[in-house]
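Participant: So the sequence shown is numbered by my numbering: it starts at 3 and just counts up by one.
These are computed hints drawn from the structure, not numbers from a lab.
Do not take every clue at face value.
[Claimed, not checked] List of simulated lysine-lysine pairs, BS3-like, C-alpha gap at most 25 Å:
hint: 1; residue 1: Lys112; residue 2: Lys73
hint: 2; residue 1: Lys347; residue 2: Lys332
hint: 3; residue 1: Lys221; residue 2: Lys194
[Stated by the list, open to error] Per label pair, the in silico range of CB-to-CB distance:
hint: 4; residue 1: Lys347; residue 2: Arg51; range: 34 to 44 Å
hint: 5; residue 1: Pro328; residue 2: Pro265; range: 36 to 46 Å
hint: 6; residue 1: Ala245; residue 2: Asn305; range: 22 to 32 Å
hint: 7; residue 1: Thr45; residue 2: Gln333; range: 20 to 30 Å
hint: 8; residue 1: Ser4; residue 2: Gly262; range: 31 to 41 Å
hint: 9; residue 1: Ala198; residue 2: Gln151; range: 41 to 51 Å
hint: 10; residue 1: Gln35; residue 2: Ile62; range: 17 to 27 Å
hint: 11; residue 1: Glu166; residue 2: Ala266; range: 41 to 51 Å
hint: 12; residue 1: Arg51; residue 2: Ala278; range: 34 to 44 Å
hint: 13; residue 1: Leu115; residue 2: Ser4; range: 29 to 39 Å
All residues carry an ideal CB built from backbone N, CA and C; glycine is no exception.
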Amino acid sequence: MSIAQYIAALPKAELHVHLEGAIQPATLLTLAQRNNIPLPGQTVEEIQRWFTFRDFQHFIEIYVLVSSCLKTAEDFEYITYEFGATMARQNIRYAEVTFTPSTHYLGPYKLPLEVFFGGLQRGRARAQADFGVEMRWVFDLSRSIPNEQRRRRAADYTTAIAIECMPEGVVALGLGGAEIGYPPEYFASWFKQARAAGLHSAPHAGETVGPESVWGALKALGAERIGHGVRSIENPALVEYLAEHAIPLEISPVSNLRLGVYPAIEQHPLPQLYAAGVPFTVNSDDPPLFNTTLNGNIELLHNAFHYDIATIDEIVLNGVRHSFLPSAPKQSMEELFRTQMAELKQQFLV
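Kindly generate the complete structure, drawing on both the sequences and the hints.
Facilitator: Here is the structure:
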């Protein structure tokens with residue numbers, strides 16, 4: 003009997019993972035060599051040590067340098083295909099992947115949509131053909147651009163292309179970046195425009211800022227899912243609201259620890275949120291940057307929070323239930339997952 007083997011084999015859906023933050027060290031080395039970008043390391047081991055989280059500013063520096071290694075459509079195709087391969091190795095069948103277009107459109111290379119999104123779409127199609135994994139996109143606004151004119155330009159651009167690319171797999175508008183000093187309310191007009199066009203609302207909130215950030219995302223942005231949201235636990239009325247309205251949190255336990263939101267897993271509020279009836283999914287966020295995987299985060303449900311297999315199954319299935327898939331494929335995916343879970347129990351847990 004091996005619960006770790008069972009969790010590794012489980013079919014999964016992931017709803018909170020950043021494509022640029024999911025680039026593995028070996029992939030980054032290939033990109034840097036291809037595009038003549040100097041890195042602070044020449045081996046996988048050196049890059050992994052550089053990835054080791056120090057503070058949020060260091061994290062942003064890594065993210066910016068990683069993004070600077072993406073210049074061509076082939077680069078974007080490559081990282082998407084490699085991400086698909088990583089999904090397949092963990093038995094992740096479906097992911098709603100966050101991507102930040104303005105980083106590339108307004109960055110040093112001024113890349114047009116056909117370059118980065120054309121590459122993403124080719125990589126996505128190849129990954130589905132070769133590995134049987136499916137990806138859809140969450141285009142997120144970058145909240146913490148210091149220059150307001152540039153921030154507004156980035157939000158205008160991202161919202162417009164998110165709406166334009168809805169027929170090609172963009173399902174939601176997100177909101178990422180540093181929360182402190184950049185409350186959700188500022189971005190209300192862009193989310194209103196996106197929601198009117200039929201996009202879903204999935205902003206980050208309640209990670210490094212407390213419950214007021216989550217309330218802002220709910221009231222000003224019409225949030226249907228909250229990225230992180232763990233600090234909701236600090237406000238009983240908010241916890242009750244999330245449970246009553248079945249608004250899920252996208253919880254990434256290892257990310258929360260690495261970023262210092264909680265000093266140790268014993269202080270993480272996941273069990274209290276679960277007991278209060280708040281729905282949530284478990285996710286990896288920026289897996290190589292936090293030296294984690296989706297499987298590793300799910301293992302915490304057993305190793306740290308001591309949930310039984312039936313509970314773990316239901317939490318894993320939340321990745322399907324709270325996805326932005328249409329109802330028919332969502333139901334079909336959940337039924338398939340349940341069938342495979344029953345088969346895996348016979349293989350690993352009997």
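Participant: A separate judgement is required for each hint: does it hold in the structure or not?
Facilitator: Comparing the hints with the structure gives:
1. The suggested pairing of Lys112 with Lys73 holds, with an alpha-carbon distance near 9 Å, which does not exceed 25 Å.
2. Note on Lys347 and Lys332: the hinted pairing holds, with a Cα-Cα distance of about 23 Å set against a maximum of 25 Å.
3. Distance restraint check for Lys221 and Lys194: the Cα-Cα separation of roughly 11 Å lies within the 25 Å cut-off, and the hinted pair is therefore satisfied.
4. In this structure, Lys347 and Arg51 meet the distance hint of 34 to 44 Å, their C-beta atoms being roughly 39 Å apart.
5. For Pro328 paired with Pro265, a C-beta distance near 41 Å keeps the hint of 36 to 46 Å intact.
6. For Ala245 paired with Asn305, a C-beta distance near 26 Å keeps the hint of 22 to 32 Å intact.
7. Range check, Thr45 to Gln333: about 46 Å between beta-carbon atoms, so the 20 to 30 Å window is missed.
8. About 32 Å separates the C-beta atoms of Ser4 and Gly262, a value consistent with the hinted range of 31 to 41 Å.
9. The given range of 41 to 51 Å is broken by Ala198 and Gln151, whose C-beta atoms sit roughly 24 Å from each other.
10. With their beta carbons about 24 Å apart, Gln35 and Ile62 fall inside the hinted range of 17 to 27 Å.
11. Against the hinted window of 41 to 51 Å, the Cβ-Cβ separation of Glu166 and Ala266 comes to about 44 Å, which satisfies the hint.
12. At about 39 Å, the CB distance of Arg51 to Ala278 agrees with the hint of 34 to 44 Å.
13. Range check, Leu115 to Ser4: about 46 Å between beta-carbon atoms, so the 29 to 39 Å window is missed.
Hint check: violations occur at hints 7, 9 and 13; the rest are consistent with the structure.
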